[in-house]
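Let chain C serve as the given structure and place chain W on it in line with the hints.
2 protein chains.
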Amino acid sequence: MPRLVECVPNVSEGRRRDVIDRLAKAIRGVPGVRLLDQTSDVDHNRSVFTFAGDADAVTAAAHALITSALGEIDMRTHKGEHPRLGAVDVVPFVPLAGVTMEECVAIAHAFGHEVAARHQIPVYFYARAAMRPERIRLPDIRKPQYEGLAELLATTHVPDAGPAVLHAKAGAIVIGARPPLIAFNIELDTPDVKIAKRIAKEIRESSGGLPSVQALGFELTDPPRAQVSMNLLDTTQTSLATVWREVERRANDAGVSVLRGELIGLLPLDAALQVTADALKLENFERSRVIESHFLE
Amino acid sequence: MPRLVECVPNVSEGRRRDVIDRLAKAIRGVPGVRLLDQTSDVDHNRSVFTFAGDADAVTAAAHALITSALGEIDMRTHKGEHPRLGAVDVVPFVPLAGVTMEECVAIAHAFGHEVAARHQIPVYFYARAAMRPERIRLPDIRKPQYEGLAELLATTHVPDAGPAVLHAKAGAIVIGARPPLIAFNIELDTPDVKIAKRIAKEIRESSGGLPSVQALGFELTDPPRAQVSMNLLDTTQTSLATVWREVERRANDAGVSVLRGELIGLLPLDAALQVTADALKLENFERSRVIESHFLE
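Residue numbers (the working numbering), protein chains in the order written: chain C, 15 to 311; chain W, 15 to 311.
One thing to keep in mind: the hints can contain errors.
No copy labels: a pair is met if it fits in one copy or bridges any two.
[As the list claims (entries may be wrong)] Straight-line alpha carbon distances no greater than 25 Å define the calculated DSS-like cross-link-like pairs of lysine-lysine that follow:
(1) Lys-208 x Lys-39
(2) Lys-208 x Lys-93
(3) Lys-215 x Lys-295
(4) Lys-295 x Lys-211
(5) Lys-157 x Lys-295
(6) Lys-295 x Lys-208
(7) Lys-93 x Lys-157
(8) Lys-93 x Lys-211
(9) Lys-183 x Lys-215
(10) Lys-211 x Lys-157
(11) Lys-208 x Lys-183
Rather than coming from a laboratory, the hints here were simulated on the basis of the structure.
Isolated chain C (complex conformation) (with noise of 0.2 Å):
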């Protein structure tokens, strides 16, 4: 049985390119660990690192690099338009294969009080992981900033691990469990952004829409097009392949037809399965069908 855990951090560092090549390395030298992907965002300031293996190797791999960056990140200079907390924002743990989220989140206690005791830094545990309901949302917990985190840590912002006293160099760190993330972009046939804005309105879980998405209307340049925007923040309650519905109806009732799918990054195994048996009207499709399923570490 393979066993899989995804980690995701976000690092606040996306313009010293020697910096983030050293944060990369961290990561790659734990044996038994694979960097899957790697972004970096100069106007963020900002770089998400993707790396995936069994428990041991990716917590290994997520202390690295947290040493790493405490050692190369100052938050009493960092400037970026992204919001954060800390020189390593938020790191989320992901069940990829042969665990659970149960087993996420243990790994995000244990894995975050192991965090706060080494570094003497204040750590909150969010999305399943979290210990109080109104540190679900990354957004909540992250809304003072690193520059208002010092003055909240003794009444709303005390620490679920660690001091509550701010790590002056690197902020606080927000570890957590989730589903596998998914973004995924709709470009339509039309350059009003007035449709795609409409549309990731109704589709949006905070308006009312498909629950665990997150959408935007964004204005593409080159060519203009309107795109629909989306953060799938658990396929097990809508899955791509419901989203791309939604949209298309959506767009072809305002008269504009869909052009493409645009995925960012990667995506898990049984989200694209889901999108196979959604297609093809297969019942009972499991990934144990697809003859590579078997030959997965």
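Using the frame of chain C, we list chain W on its own:
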């Protein structure tokens, strides 16, 4: 880089459970090979084993299966509906990952010559491994069946390897290389088998339809329903998505809706992902975008 070859031998025994178990055990006994699927049909008196691994492991398992089958099966007393030439009737090698079709052709040829030498049995090469155009299609080679083969061994059926003398107990073996084959059925919301038969005729390659598609119309009894039953011989030529669309369109034109798809046995990852990419209009969607693909052995 994973190097995966699949082998799908068809053996002329589908009734004696103890014999079938011993054949499966012979395959499983080879380290590095995984028996992925095993199906026996009593009417056909025939079993199909699907196993995979690297080239050396897979050929070792195929040798083990043949040695076992030659000890267990006597074609002089074999009866069954399905056309066959021998105890081990056909042994196709299929490239799954990190292996080219040319390599599988070379594997088939080396394996066939070794089998012929070890067992003094006539061997024919078929599909991509065929040495003559009239031996590409399995039904053409198999037409005389075991009972009629002896008298053709010096004329139309001179073996590609081994003696031009029938192995009285085991007949002959057809060995080859082919792309993955997918057995896929579509159920129509009608008991009228004529509609399924007409659609099958329109879409199958042999009557001018879709390339690399074999199709027949069947009548299911419980509940009574028409079914289009297909083999997709090469999904790079005609994908599952195309077949689904073509059957659905023709059914809808006849005022009938499509109820469900049914996949028999296994399918390769790339064939499943083709459907995902088609449904979401993803460009350049490759298996590396699937997280788990990085963890194939």
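Check your understanding: Is it within, between, both or neither when you check Lys-93 against Lys-157 at 25 Å Cα-Cα?
Key -> This pair counts as within: shortest intra-copy Cα distance 16 Å, inter-copy 76 Å.
Review point. Quick one: Lys-183 to Lys-215, C-alpha cut-off 25 Å, is that within a copy, between copies, both, or neither?
Key: Answer is neither: 38 Å inside a copy and 72 Å across each miss the 25 Å cutoff.
**Study point:** Copy assignment of Lys-295 with Lys-211, given that the CA separation must stay at most 25 Å
**Key:** Classified as between: cross-chain Cα gap 21 Å, same-chain 31 Å, threshold 25 Å.
Review point. Taking 25 Å as the upper bound on the Cα-Cα distance, should Lys-208 and Lys-183 be classified as within, between, both, or neither?
Key: neither (42 Å within a copy, 76 Å between copies)
Check your understanding: Under a CA distance limit of 25 Å, which applies to Lys-208 and Lys-93: within one copy, between copies, both, or neither?
Key -> Answer is neither; intra-copy 31 Å and inter-copy 70 Å both fail.
Exercise for review: Evaluate Lys-93 and Lys-211 at a C-alpha cut-off of 25 Å and name the case that applies: within, between, both or neither.
Suggested key: neither (28 Å within a copy, 67 Å between copies)
Practice item. Could you figure out if Lys-208 and Lys-39 sit no more than 25 Å apart (CA to CA) within one copy, between two copies, both or neither? Key: neither (43 Å within a copy, 64 Å between copies)
Point to revise | Intra- versus inter-copy proximity for Lys-157 and Lys-211 (alpha-carbon distance at most 25 Å) | key: Close inside one copy (24 Å), not across copies (63 Å); limit 25 Å.
Point to revise | Same-copy or cross-copy closeness of Lys-295 to Lys-208 [CA-CA at most 25 Å] | key: between (34 Å within a copy, 22 Å between copies)
Practice item. Can you give me the call for Lys-157 and Lys-295, within, between, both or neither, at a CA distance of at most 25 Å? Key: neither (43 Å within a copy, 36 Å between copies)
**Study point:** Intra- versus inter-copy proximity for Lys-295 and Lys-215 (alpha-carbon distance at most 25 Å)
**Key:** Only across copies: Lys-215 and Lys-295 sit 22 Å apart there, 29 Å inside one copy, limit 25 Å.
The earlier numbered hints that this structure contradicts are 1, 2, 5, 8, 9 and 11.
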